[in-house]
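Asker: Sequences are here, hints too, so could you generate the full structure?
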Amino acid sequence: MSSFSVTEPSKRQKWFAGSLVILYALITIMPLIWIIATGFKSPSDAIAYPPKVFFEPSMEGYVNLFTSRTRLPAEELAALPPSETWYQELVRDNGMVITGPSRYGQRFLNSVIIGFGSTFLSIFLGTLAAYGFSRFKVPIKDDLLFFILSTRMMPPIAVAIPIFLMFRQIGLSDSHLGMILLYTAVNLSLSVWLLKGFIDEIPLEYEEAALIDGYTRFQAFYKVVLPQAATGIASTAIFCLIFAWNEYAFAVLLTSGNAQTAPPFIPTIIGAGGKDWPAVAAGATIFLIPVMIFTILLRKHLLSGITFGAVRK
Amino acid sequence: MAQIIVKNVRKDFGDFTAVKESSFTVEDGEFFMLLGPSGCGKTTTLRMIAGLELPTSGEIFIDGEEVGQKPASKRDIAFVFQMFALYPHMNVRQNISYPLKSQGMPKAQIKEKVAEVARILGITDILNKPVGGLSGGDRQRIALGRAIVREPKAFMMDEPLGALDAEFREHMSEELRALHDRMGATTIYVTHDQLEAMQMGDKIVVMNHGVVEQFGVPQEIYDWPATMFVAEFIGSPSMNFLEYEGAVNVGDKIAILGDVSFTIPEQLTAASGDLALGVRPEHITLSNSGDYRGEITATEYLGTTQIITVECAHGVVKVRAPAAQPAQVGDKVGVAFNPKTITLFDRKTSRALVSVANKGVLNNG
Ligand SMILES: Nc1ncnc2c1ncn2[C@@H]1O[C@H](COP(=O)(O)OP(=O)(O)O)[C@@H](O)[C@H]1O
Ligand SMILES: [Mg+2]
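Those protein sequence lines, which keep their order, are chains A and B. Residue numbering for the first sequence follows my numbering, beginning at 154 and increasing consecutively. Residue numbering for the second sequence follows my numbering, beginning at 227 and increasing consecutively.
By construction, these hints were calculated from the structure, which means they are not laboratory data.
Below, computed lysine-lysine pairings styled on DSBU-like, alpha-carbon distance capped at 30 Å:
| no. | chain 1 | residue 1 | chain 2 | residue 2 |
| --- | --- | --- | --- | --- |
| 1 | A | Lys-376 | B | Lys-333 |
| 2 | A | Lys-376 | B | Lys-327 |
| 3 | B | Lys-479 | B | Lys-574 |
| 4 | B | Lys-339 | A | Lys-376 |
| 5 | B | Lys-246 | B | Lys-429 |
| 6 | B | Lys-246 | A | Lys-290 |
| 7 | B | Lys-337 | A | Lys-376 |
| 8 | B | Lys-429 | B | Lys-296 |
| 9 | B | Lys-337 | B | Lys-327 |
| 10 | A | Lys-290 | B | Lys-300 |
| 11 | B | Lys-339 | B | Lys-355 |
| 12 | B | Lys-296 | A | Lys-376 |
| 13 | B | Lys-300 | A | Lys-376 |
| 14 | B | Lys-246 | B | Lys-233 |
| 15 | B | Lys-379 | A | Lys-376 |
| 16 | A | Lys-453 | B | Lys-355 |
| 17 | B | Lys-296 | B | Lys-327 |
| 18 | B | Lys-355 | A | Lys-376 |
| 19 | A | Lys-290 | B | Lys-296 |
| 20 | B | Lys-233 | A | Lys-290 |
| 21 | B | Lys-585 | B | Lys-246 |
Answerer: Laid out in structure tokens, this is it:
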């Protein structure tokens, strides 16, 4: 390319564009960095003003996140046998003893079960429905697709009260199954529409070739369509997971104990031991990890899928 | 290896009829061309034979067995798609072995077969490559490989050379024909290119608007078209028509256009009204004498021959003449036809009138 080319940007343009992207990345990543940093601050550093950029790292937030503690009078504390672990030590330095694990681990596990469970179900049902809509003559197809989309036209939380009552009636309140079904219902319209788009892009000939090659319709779907829809499935799965993972309003309303997910739990940490911001930040940091890993694992697919087929091969 | 009989097959898509009651027979081992302009129902016909589309009515026999409503996977037929439809997530070897896997063939045997097919097609060195970056020719060979590896009863090919550039088409069409001659498998080949059909086919069926216009060997179809459509579609330049009003009776040996009479093959049917006299460009001679005269309006030099356009009283005729023959635009010339090659058409029905010359051809179509 010559330097006069219309399509190839000049060095300065590239530099400018690059700086813009970096600046934007910095702005968006700032809160994240702040949260991760706060997780390693002491409670006083966390609320210091002016804010502390440099601080002495402390594990207090993480210890507080995973434990329940109780305050003991100094003389009782002194009478205890020497602490066995570094975190016992840390807690005692603050005049407390560990009474047991906190509920964070269990809430986190709930998030994993409900988040991944509903994502799997949304993708499973969504792929089958999308394939059906894409390949078969479905009566009133357009109306059905519009109906499916219309479930997204109001904020899901608008139906929270009826769902709350319904769930109570059929015993799904505060249950994993209930939350999985709810998040699947919300995500399904997105997944059907996105996946239909991806499957529409796959030429029919591939399946026909498989049929000619002696495979059944289902085998053709499974062995030829699915691998090629992988990109679309991956990006749809990420969208579904992010929604289910971060969902707060339904979780607050419909779960309280058994099936409570991490988002409604994390704010309650503040109440437990005064203004324990490092523990909150630690909880948020750990909470980010699964989505991050999931996204990184699927990143290869995501990059091509996120353009919704515009640059497919 | 099989004989294929298509009998009164029809296909409706809603209100639209893509193929009207069509019948033809493909003999065992034939290289059979399905020829017609775009949108005439060739692909639909081929897909019905393969089982990718079910006929609305009619019967299809493969190897004596009626398969009209059977799914594609049960028909033991191979299909080469226009855009090849190679599985993009598999490499070359996996693509070719895929049909064998469905039969549950042991791995070692699959390997052997794929190697053999790759050798025949000259693609041994790319067997382990992904299909993504390959050239059109290689993709074409892989598509063929996937078709032949299974030794199916018959091959269906839907414009298999359509996606290749002109230079390579020629080469590939020779390769295809050679491959067929070597394997002798019944093949139905769809094309809209009449030249390709004439060159490659043992037999041709010509379709138009979902109707089979004629079927037979290329030479017969070329010499004795059954309809005006076939006469125009096949041959370049196409058959000339001199349009006139008149009448023919059984036993007539002349056609009278205005005040000139032409000798024609003895007629076996009677017709009157709007008629046309059809004659191929190479069966016309120009001379200074002659009763039927016209004026040269254009000449087109083609190397060994030239095409001379002559305007006559009943229409424009194109004449294929030796390149050396002198011809000037504006010249008045006498036009004479080889009487043995003339076909009369009824312009109302567009059908050829039966004469002693074409009755053998028309009666089998
Ligand atoms: N699935 C379909 N639904 C509706 N119309 C179709 C379908 N497939 C083909 N057609 C129509 O049938 C006609 C014949 O198509 P086709 O067999 O593909 O023609 P060709 O292969 O000769 O170009 C075309 O007018 C086409 O639009
Ligand atoms: Mg076609």
